[in-house]
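Novice: Single-letter residue listing:
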Amino acid sequence: MRQNNVVAMILAGGRGSRLLDLTKKVAKPAVYFGGKYRIIDFPLSNCANSDISVVGVLTQYESVILNSYVAHDHRWGLDTKDGGVFVLPPMETDANGFNLYRGTADAIAQNIDFLDQMDPDYVLILSGDHIYKMNYDKMLKVHKEKQADATIAVLGVPLKEASRFGIMNTNDEDVIIEFEEKPAKPKSNLASMGIYIFTYKTLRKYLVEDMKKEDSNHDFGKDIIPAYLNDNKKLVAYRFKGYWKDVGTIDSLWEANMDLLDPNNELDLSDSGWKIYTEDVNVLPQYIGENATIDNAYINQGCVVDGTVKNSVIFTNARIAEGAKVIDSVIMPNAVIGKNATVTRCIVAEGVEIKEGVSVGKKDSEHIELVAKKVVE
Amino acid sequence: MSNKVLGIVNFEDPTASVEGLGDYRPIPAFGFLGRYRVIDFVLSNMTNSGISDIQVYCKEKPRSLIEHLGTGQHYNINSKRGNLHILNGEKKPISDVYNHDVNNFMQNMEFIEESDKGYVVVAPSYFIYQIDFGQVLESHINSGDDITLLYKATDNAKEEFIGCETVQFDETKKVIGFEKNRGKYKNRNISLECYIMSRKLFIDLVKRAAATSSLYWFKDILREVINEYTIRGYAVKSYVACINSLKTYFKANMEMANLSNAKTIFKKDWPIHTMTNDSPPTHFYPGCIVKGSAIANGCFIEGTVENSVLCRNVTVKKGAVVKNSVVLPGAYISENAQLDHVVVDKYAIIHHVKKLEGTDDEPVYVKRRDRI
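Protein chains in written order, with the working numbering: chain A, 58 to 434; chain B, 4 to 375.
Since the hints were made in silico from the structure, they are not lab data. Please note that the accuracy of each hint is not assured.
Stated by the list, open to error - The calculated lysine to aspartate or glutamate pairs, modelled on EDC-like cross-linking and capped at a C-alpha distance of 20 Å, are: (1) B:294 / A:363; (2) B:320 / A:325; (3) B:321 / A:319.
Claimed, not checked - Chain A residues, not near chain B, derived (Cβ > 10 Å throughout): (4) 131; (5) 173; (6) 178; (7) 202; (8) 226; (9) 261; (10) 273; (11) 318; (12) 347; (13) 349; (14) 352; (15) 354.
What the hints assert, rightly or not - Some chain B residues well away from chain A (every beta-carbon gap over 10 Å; in silico): (16) 181; (17) 294; (18) 296; (19) 316; (20) 357.
Here a beta-carbon is modelled for each residue, glycine too, at the ideal position from N, C-alpha and C.
Just chain A, with the same shape it has in the complex (with noise of 0.2 Å):
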């Protein structure tokens, strides 16, 4: 018997198209962050810090590279023997023909046949696409002691904000009493993360009955959560403190790898007790010239740097050649900035080269430049 039997679902099927090109060809969760790793690292990897050894990963939009990523469970040591990786893309069945998820909830739904072969008592649903880390067995052990049906991990967010997410209200004794999406006056600063245990019989029930509605948008937030409060189920609210990012946009996303170069960011990727584990690409250490200057950077093996790195993450083998700046900007995997070009406030995509001699970004703009192409002049 598995130590803990909970199942993890990991939600990545979605674009995020406010990252623009950057998922042209890849879903979110296969994003690049923080020199070496992909945002589903995160997820997959606390899934594997917190002894969770079944994950399933719902894929969708752009699935080549995010399937074939998250198969190597070797990787977050999640290759134990009756444990795994599991990539669940949506398929054909005989009474539907070919669905996609409908929503985060239909997602889940049409993986109970899974689900149910896992034969899980709680199921972990987890997003792909927030960097962050936490332990889910702590989590758990709320779930059970308080005996909930549901709960919910939220975060403090500033109240200004908070119309921004879906609010969780709650008693004294954190039972969630009343759940409002993205509310114009809002009465807790409690936003859920998109985190949620369920006690699986329970959810099984709810989900098949939500796959028959019409109306339903099939989502978590928007049916399934109504609906266990609308049956006076037990909803429990599980405060999480530290760093969590939605990485949603470019700006955010260059802001996230930023924080990586404050010595004291709450994200601490060298906590050894808490690795972030990721593909184990086979490359060099990085080799710095003899001329380089280097002056608060981030930066990954692989990497040759001959140039000026200032403010900057730098991700596997990416090259900074004689003469070259970069200042303020994140280089992706495999870019090439050549002699004498300068990069400033850009996040440069994988495997882009900037020509010799060019200039790209600007020193005071409003927003993060992405150069996802081959710039020549």
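Guided by the hints, dock chain B onto chain A, whose structure is given.
Specialist: Below, chain B alone, put in the same frame as chain A:
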């Protein structure tokens, strides 16, 4: 073709002795160039050549080696159809002089005999180079020779490869003699102690060595049979280093910190596999000065690092200066420490205002977990 080959990773004889580092682990398990271990090179050469049945013989202190090798999966060895055997020699420690390769092969003879491979590649783990064994095997089979031996021609044998075996050839590259390199001559052919032959011949020679003398190493029996069997040289073109002393360990790291040297071994389509540690990228703090160095992941650099190799999770605090040095994983160089020509072993802590200075010939060695 290489699926016909059993890879045998051998160990070095006692003339290879690395001051300090060698007290804690065998040479194959030495950290090298930031993120590798010395044994990664021979193993990657084998697996990249398509050899998937490999025996690693170890002489002593196998813990760090076993941990690093694991199931062999990260070297691309198939978990079902391939095989990585880690084989120990002595049942009980008798005496150092009996702890040699022939003894080790004899004790594990059943595993060599039950292999279904036609050929063996025998290679020690203390040499660093790049070779495609598939090509060597092809040349070996085409030549009809009994044994093919890898060598490196050097014009600097007075300074380099001291203590290694040199080979004398006739004009057809047939081996006519072996001799230790004592640094007397400039031009020498250095044996990489890597041999390709039929498995049957290998078994015969091992048994013959054991019957001849209980002190014989495999290379001793080869010396005796040069007139009986045709042993021919095969030149290795890549950079070659032999890690047989602290000086050569230091020098090889320094040379590899130069990217153009490293590129002769780290080729496209020829990955050097190793065990990942899942360290985050290296963090360069404001005000740090880093030049001409090879740096692994997980380091924190606030001070100065020049012409050095830093392994993973090394900390260099403000005002500290690390020059021409090799710093192994987890070491901590605190404020204002000055290092020049130093090898700092794992987890050592060097406290402030201490100046340590060695030379190319005699780098200073700081012990594992030492505090200075």
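Novice: Next, verify each hint and record whether it holds.
Specialist: Do the hints match the structure? See the list:
1. B:294 / A:363: 9 Å, holds
2. B:320 / A:325: 18 Å, holds
3. B:321 / A:319: 16 Å, holds
4. 131: 7 Å, violated
5. 173: Check passes; 30 Å lies beyond 10 Å.
6. 178: 30 Å, holds
7. 202: Per Cβ check, residue 202 (chain A) is outside 10 Å of chain B; nearest 32 Å; holds.
8. 226: 38 Å, holds
9. 261: The assertion about residue 261 (chain A) holds, with a minimum of 36 Å to chain B.
10. 273: Non-interface label on residue 273 (chain A) holds, nearest chain B Cβ at 41 Å vs cutoff 10 Å.
11. 318: 8 Å, violated
12. 347: For residue 347 (chain A), whose nearest Cβ neighbour in chain B is about 5 Å away, the distance does not exceed 10 Å, so it is violated.
13. 349: With a cut-off of 10 Å, residue 349 (chain A) comes too close to chain B, as the shortest Cβ separation is near 6 Å.
14. 352: 6 Å, violated
15. 354: Given a closest Cβ separation of 4 Å, the condition is violated.
16. 181: 35 Å, holds
17. 294: 6 Å, violated
18. 296: Non-interface label fails for residue 296 (chain B): nearest chain A Cβ at 5 Å, not farther than 10 Å.
19. 316: Its Cβ does come within 10 Å of chain A, the nearest being 8 Å, so this is violated.
20. 357: Residue 357 (chain B) is indeed farther than 10 Å from all Cβ atoms of chain A, at 25 Å.
Checked against the numbered hints above, the structure breaks hints 4, 11, 12, 13, 14, 15, 17, 18 and 19 and satisfies the rest.
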